[in-house]
Amino acid sequence: MQPIILQGRKIVEGYCKAEALVSTKPISFLGGVDPADGKIIDSNHDLFGLCSKDKVLCFPHGHGSTVGSYVLYSLSRKGLAPKAIVNQTADPVVVVGAIIANIPMIDRIDIELIKTGDLLEVDAEKGLVRILARRGS
Amino acid sequence: MHLTKEEERIYDGEFGWANQTCMRILVRLGELFGAAKLIPISSAHVSGVSYKTLGDAPSDFLETLASSGTKTKVKTTLNPQSFDASYLRKKLPHELFEKQSNVMKYFQKMGFEPSLTCTPYYLERPKKNSHLAWAESSAVVYANSIEEAWTNREGGPSALAAAVIGKTPNYGIHQIENRQPSAVVKLEKPLLKDLEFGALGILLGKILGEQIPAIRGLGNASADDLKQLGAALASSGMVNMLCFKPVKSDVAEKITVEAKDIKRTIETLTTAQIAKPDLVFLGCPHCSLNELRQIASLIGNRKVRNGMEFWVCTSCYVKNKAKKYVEKIENCGGHVLTDTCAVVTWTDKLGIKSVMTNSAKTAHYAPTLNKVETVFASSVDCLNTALQ
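So the sequence lines, in the order shown, correspond to chains A and B.
Under this note's numbering, the residue at position 105 of the first sequence is numbered 105, and the numbers go up by one with no gaps.
Under this note's numbering, the residue at position 312 of the second sequence is numbered 1312, and the numbers go up by one with no gaps.
Some hints here could point you the wrong way.
Using 27 Å as the maximum straight-line C-alpha spacing, the simulated DSS-like pairs for lysine-lysine come out as follows [what the hints assert, rightly or not]:
{"id": "1", "chain 1": "B", "residue 1": "K1073", "chain 2": "B", "residue 2": "K1128"}
{"id": "2", "chain 1": "A", "residue 1": "K53", "chain 2": "A", "residue 2": "K78"}
{"id": "3", "chain 1": "B", "residue 1": "K1371", "chain 2": "B", "residue 2": "K1353"}
{"id": "4", "chain 1": "A", "residue 1": "K78", "chain 2": "A", "residue 2": "K39"}
{"id": "5", "chain 1": "B", "residue 1": "K1090", "chain 2": "B", "residue 2": "K1254"}
{"id": "6", "chain 1": "A", "residue 1": "K10", "chain 2": "B", "residue 2": "K1127"}
{"id": "7", "chain 1": "B", "residue 1": "K1193", "chain 2": "B", "residue 2": "K1105"}
{"id": "8", "chain 1": "A", "residue 1": "K17", "chain 2": "A", "residue 2": "K83"}
{"id": "9", "chain 1": "B", "residue 1": "K1091", "chain 2": "B", "residue 2": "K1303"}
{"id": "10", "chain 1": "A", "residue 1": "K25", "chain 2": "B", "residue 2": "K1071"}
{"id": "11", "chain 1": "A", "residue 1": "K126", "chain 2": "B", "residue 2": "K1005"}
{"id": "12", "chain 1": "A", "residue 1": "K39", "chain 2": "B", "residue 2": "K1349"}
{"id": "13", "chain 1": "B", "residue 1": "K1105", "chain 2": "A", "residue 2": "K78"}
{"id": "14", "chain 1": "A", "residue 1": "K126", "chain 2": "B", "residue 2": "K1037"}
{"id": "15", "chain 1": "A", "residue 1": "K25", "chain 2": "B", "residue 2": "K1073"}
{"id": "16", "chain 1": "A", "residue 1": "K10", "chain 2": "A", "residue 2": "K53"}
{"id": "17", "chain 1": "A", "residue 1": "K39", "chain 2": "B", "residue 2": "K1127"}
{"id": "18", "chain 1": "B", "residue 1": "K1371", "chain 2": "B", "residue 2": "K1090"}
{"id": "19", "chain 1": "B", "residue 1": "K1075", "chain 2": "A", "residue 2": "K78"}
{"id": "20", "chain 1": "B", "residue 1": "K1071", "chain 2": "B", "residue 2": "K1037"}
{"id": "21", "chain 1": "A", "residue 1": "K78", "chain 2": "B", "residue 2": "K1186"}
{"id": "22", "chain 1": "B", "residue 1": "K1005", "chain 2": "A", "residue 2": "K10"}
{"id": "23", "chain 1": "B", "residue 1": "K1260", "chain 2": "B", "residue 2": "K1193"}
{"id": "24", "chain 1": "B", "residue 1": "K1090", "chain 2": "B", "residue 2": "K1349"}
{"id": "25", "chain 1": "B", "residue 1": "K1127", "chain 2": "B", "residue 2": "K1321"}
{"id": "26", "chain 1": "B", "residue 1": "K1193", "chain 2": "B", "residue 2": "K1254"}
{"id": "27", "chain 1": "B", "residue 1": "K1206", "chain 2": "B", "residue 2": "K1254"}
{"id": "28", "chain 1": "B", "residue 1": "K1353", "chain 2": "B", "residue 2": "K1090"}
{"id": "29", "chain 1": "A", "residue 1": "K25", "chain 2": "A", "residue 2": "K78"}
{"id": "30", "chain 1": "A", "residue 1": "K39", "chain 2": "B", "residue 2": "K1071"}
Derived, one-sided and incomplete: chain B residues facing chain A with beta-carbon distance under 7 Å [as the list claims (entries may be wrong)]:
{"id": "31", "residue": "R1024"}
{"id": "32", "residue": "R1028"}
{"id": "33", "residue": "L1029"}
{"id": "34", "residue": "L1092"}
{"id": "35", "residue": "P1093"}
{"id": "36", "residue": "L1096"}
{"id": "37", "residue": "G1155"}
{"id": "38", "residue": "G1156"}
Hint data in this document are derived by calculation from the structure and do not stem from the laboratory.
The beta carbon of each residue, even a glycine, is placed where N, CA and C say it ideally should be.
In isolation and in its complexed conformation, chain B is listed as follows (with noise of 0.2 Å):
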């Protein structure tokens, strides 16, 4: 890999240990990928924040790098925590919320916004074809397929190290010969529900492994939906982006998506037919304000039922600009918690044992990570259950 003159001197650790050790990580990566050379970035996004998922591990680490006094060269955003600031820090442990905190207290030391959430394409919009080093992957499909800006589908600590250096190895989707489409999948009906669009996601995600599709007959999708495929897409396989352009037809694969196919993962996707759910759970990924309106607007005169969680989980950015709607949820006794999601929270914690959702990317999930049944259904149908 060719490195300019500061940036061997950065690899040779003139600038420390901080720096030498995040430029260590960007050249094996680059050249493990058979990258030529690192290109700057605009944006960083940054996942394993949550201290559910992280535990102690990467405390020292992240402690180590604070530390040292090394700061982020470029904006960089911050995936969920294991918290939103009241509701879930007054019912779960003290101790946890004490070891999140330190784990924000490094990031922040460092220079990483506390945005706190998948959605960072809402807080700021990535410009077109520029090149970003995003981890957490519903936002990745999100940012390569709907801003089309360029990343790489980065893990926690090589998308830590690209936002310390500022850049990232030019290899896979930084390629524009890498950004086209390898198989044309056509569906036989439009989707109408939005829980069709995450059961698309799921089902391609295992046919596909890496391969970008570009999808025919999408036409009528909000990007509310697309988020949904994509998330989905990211989570069953290892699907950076989509094409939603015609293609060529010489295009190698073709994969027809029939009526029944979605229908049957859409099943796969609920463990057990739950009828009372622990937890109601709308936001993953986080919901766009357009979301949020829909919801404040299918709720009517009802309550959330007795012995129900109802959660709609948002970034607080989009919270504060939504303060309509999120009054309408909060009084019919439903929680809008920001910065954190059902997935990377203490679900078990609180008692809960079956989730219902709309979100196909928790469905695939929850059952391990949550230890959760989980009943997949459109959002119309989540609040036909959370309410009466």
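So that you can see chain A by itself, here it is in the shape it has in the complex (with noise of 0.2 Å):
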């Protein structure tokens, strides 16, 4: 396929080709993510199970405690984090996470247009998103 791309607007700088995997639901990472395993624990959500290790995590945006930033520093150390993350409306929790945890990160992107094993191709620095590969086509 001729390879879709996305402008969004950097907030963490990075690059890295990874599979995405999508969300339709905002996460909360305190609570939400466990973070001895990173896999979401919040039973209602569609990605309850999922772990992010190493993907392209594509949601609209964060909510709940600003705990939740340290979360996604924890993972990082222990090479559970997402790769990447992409948003639709950056918010202080993951801002801040992102930040912390060094994981590059795009916002403003319409992260509909993503789909979950989509390869990815994530340019942080210039805030593009690259749709590389889906599989079926």
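Hints in hand, dock the two standalone chains.
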């Protein structure tokens, strides 16, 4: 397929190429993600039971306690953090988390255009997300 | 965002990882909210101290930060932790105490004051028109509205970053144009009991979102009543300040609060009618000297009922100034706990399944944060339940 290019805004610089894990729901890192294994533990969440390790985690925005920022740091120390974060609208909890954990992050991306399993190239410095390949196409 | 030469050097890492990380937090948040520059702050207040709410995740970050030798640049106070030094320390597992102590060790190494209270304004009143970076939403409303200092509602990490740098991004209610009320609230009847102020806060928080209200008809309210109102307002909504001064009549939204609205809100804050709750809890936010005096004066010759816990929470600072009242409360069988409160400790591990409180904020949060039933009542009714 022809790469689809999405232009957003840089939050934390960095570059990676990895598979997308997409959620339509906001994520609360405190209480919603287990810091021990990185799995989503909020049973009402569409990513329940999944882990964002080595993925590009795409979701609308964060919510909940600001302690959630520290959860991202902890995940990154354990090698369980996502390779990059792509948000519709950046919020303080995820922004601070991405900074302290040094996870490349972009916002202002229409995440509905991205599907779980898509191979993404994230160039956070330029605020770019490229969809390189999609399963079945 | 415009940075000074020195800020740029910090941002580029010349002063080490810890300063760089904190500067990056402030700059990114500033950009996110449209700040043009950083401004100096007189103090910071950091939330996210209780190990019960933090869990293990932040320990790594705090430890790394503390071991880098970084120090706070301004006076920085801390929110309550999960223990008091005597009563709960004896009743809860030692392992949890150790984990909490580690968190405190990191904070203290960085120069944070172990104030351990949600009411830092009782320790030192912030100066009028001074800029602060405070987390703890109830203290934010109090500082902006009653002390007329200027602070956004910071999160734990952003207040921490501001403490290390000594500055905060200039946006939100650090700017005078954003400190104007956009809704006028008219009270149909004056509020009489303490719990009505909390109920008004919960009700308005849901309606107002982030709007600053000017509330008319609060002439008789004490600072303690307004503390309850503000704490509740910030629990159910995102409101950061309220105004008491008259405002121009062209302010957009007008809200009338009737007596029945208050009554209905009070009812919703009680999740189950329980005659003998496991715990009667006063002191959310932490009690003022005046509140301790009132509680002591209402005790009379009564004692705490068998099988019931009665906690009054305050800061160590206020407790030390209130020896006479503390004695009265403890002699009747109550516990004056400092550095903590019912919401940020493990009530479940103490077998507490129901809590009666005069705090609308606690009644709002405890069903989810403590998995308890709540009974919301005036302080007089709380004491009548706890004592016989």
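Structure-based check of each hint:
1. Under the criterion of a C-alpha separation no larger than 27 Å, the hint pairing K1073 (chain B) with K1128 (chain B) is consistent with the structure, at around 21 Å.
2. Only pairs whose Cα atoms come within 27 Å are accepted, and K53 (chain A) paired with K78 (chain A) is accepted, the gap being roughly 10 Å.
3. Straight-line distance between C-alpha atoms of K1371 (chain B) and K1353 (chain B) comes to about 7 Å, which keeps the hinted pair within the 27 Å bound.
4. Between the alpha carbons of K78 (chain A) and K39 (chain A) the distance comes to roughly 13 Å, so the proposed pair stays at or under 27 Å and holds.
5. With a C-alpha separation of about 52 Å, the suggested pairing of K1090 (chain B) with K1254 (chain B) is violated against the 27 Å cut-off.
6. Straight-line distance between C-alpha atoms of K10 (chain A) and K1127 (chain B) comes to about 37 Å, which puts the hinted pair past the 27 Å bound.
7. Between K1193 (chain B) and K1105 (chain B), the direct Cα distance comes to roughly 41 Å. Violation of the 27 Å bound is thereby established for this hinted pair.
8. For the hint pairing K17 (chain A) with K83 (chain A), the CA-to-CA distance comes to about 8 Å; that is within 27 Å, so the pair holds.
9. At roughly 21 Å between alpha-carbon atoms, K1091 (chain B) and K1303 (chain B) fall within 27 Å of each other, so this suggested pair holds.
10. A C-alpha spacing of about 38 Å is found between K25 (chain A) and K1071 (chain B), which places the hinted pair above 27 Å, so the restraint is violated.
11. For the proposed pair K126 (chain A) and K1005 (chain B), the alpha carbon gap of about 25 Å is at most 27 Å, so the pair holds.
12. Restraint check for K39 (chain A) and K1349 (chain B): the C-alpha separation of about 26 Å stays at or below 27 Å, so the hint holds.
13. Between the alpha carbons of K1105 (chain B) and K78 (chain A) the distance comes to roughly 23 Å, so the proposed pair stays at or under 27 Å and holds.
14. The suggested pairing of K126 (chain A) with K1037 (chain B) holds, with an alpha-carbon distance near 23 Å, which does not exceed 27 Å.
15. A distance of roughly 39 Å separates the Cα atoms of K25 (chain A) and K1073 (chain B); the hinted pair therefore is violated under the 27 Å criterion.
16. A threshold of 27 Å between alpha carbons decides the hint, and for K10 (chain A) with K53 (chain A) the separation of about 21 Å falls inside it, so the pair holds.
17. The straight-line distance between the Cα atoms of K39 (chain A) and K1127 (chain B) is roughly 46 Å, outside the 27 Å bound, and the hint therefore fails.
18. Using a Cα cut-off of 27 Å, the hinted pair K1371 (chain B) and K1090 (chain B) holds, with the two alpha carbons roughly 22 Å apart.
19. With a C-alpha separation of about 33 Å, the suggested pairing of K1075 (chain B) with K78 (chain A) is violated against the 27 Å cut-off.
20. Between K1071 (chain B) and K1037 (chain B) the alpha-carbon distance is near 22 Å, which keeps this suggested pair within the 27 Å criterion.
21. At roughly 53 Å between alpha-carbon atoms, K78 (chain A) and K1186 (chain B) are farther apart than 27 Å, so this suggested pair is violated.
22. Between K1005 (chain B) and K10 (chain A), the direct Cα distance comes to roughly 23 Å. Compliance with the 27 Å bound is thereby established for this hinted pair.
23. With a C-alpha separation of about 15 Å, the suggested pairing of K1260 (chain B) with K1193 (chain B) holds against the 27 Å cut-off.
24. The straight-line distance between the Cα atoms of K1090 (chain B) and K1349 (chain B) is roughly 12 Å, inside the 27 Å bound, and the hint therefore holds.
25. Straight-line distance between C-alpha atoms of K1127 (chain B) and K1321 (chain B) comes to about 22 Å, which keeps the hinted pair within the 27 Å bound.
26. Our distance criterion of 27 Å between C-alpha atoms is met by K1193 (chain B) and K1254 (chain B), whose separation comes to about 24 Å.
27. At most 27 Å may separate the alpha-carbon atoms for a hinted pair to count; K1206 (chain B) and K1254 (chain B) meet this at roughly 15 Å.
28. About 20 Å separates the Cα atoms of K1353 (chain B) and K1090 (chain B), which keeps this hinted pair within 27 Å; it holds.
29. For a cut-off of 27 Å, the pair hint linking K25 (chain A) to K78 (chain A) stands: about 25 Å separates their Cα positions.
30. Distance check on the hinted pair: K39 (chain A) and K1071 (chain B) sit about 34 Å apart at the alpha-carbon level, beyond 27 Å; violated.
31. For the restraint placing R1024 (chain B) at the interface with chain A, the shortest Cβ-Cβ distance is roughly 5 Å, inside the 7 Å limit, so the hint holds.
32. A hinted interface residue such as R1028 (chain B) counts as satisfied when its beta carbon comes closer than 7 Å to some beta carbon of chain A; here the least separation is about 5 Å, so the hint holds.
33. Of the supplied interface hints, the one on L1029 (chain B) holds, with its beta-carbon coming within about 6 Å of a beta-carbon of chain A, less than 7 Å.
34. Nearest Cβ of chain A to the Cβ of L1092 (chain B): about 20 Å, over the 7 Å cut. The hint is violated.
35. Residue-level restraint check for P1093 (chain B) is violated (minimum Cβ-Cβ distance to chain A is 19 Å; threshold 7 Å).
36. Hint status for L1096 (chain B): violated, given a least beta-carbon distance of 17 Å to chain A, over 7 Å.
37. Using the Cβ-Cβ criterion of 7 Å, the hint placing G1155 (chain B) at the interface with chain A is satisfied: the shortest such distance is roughly 3 Å.
38. A least Cβ separation of about 5 Å between G1156 (chain B) and chain A falls short of the 7 Å threshold, and the interface hint therefore holds.
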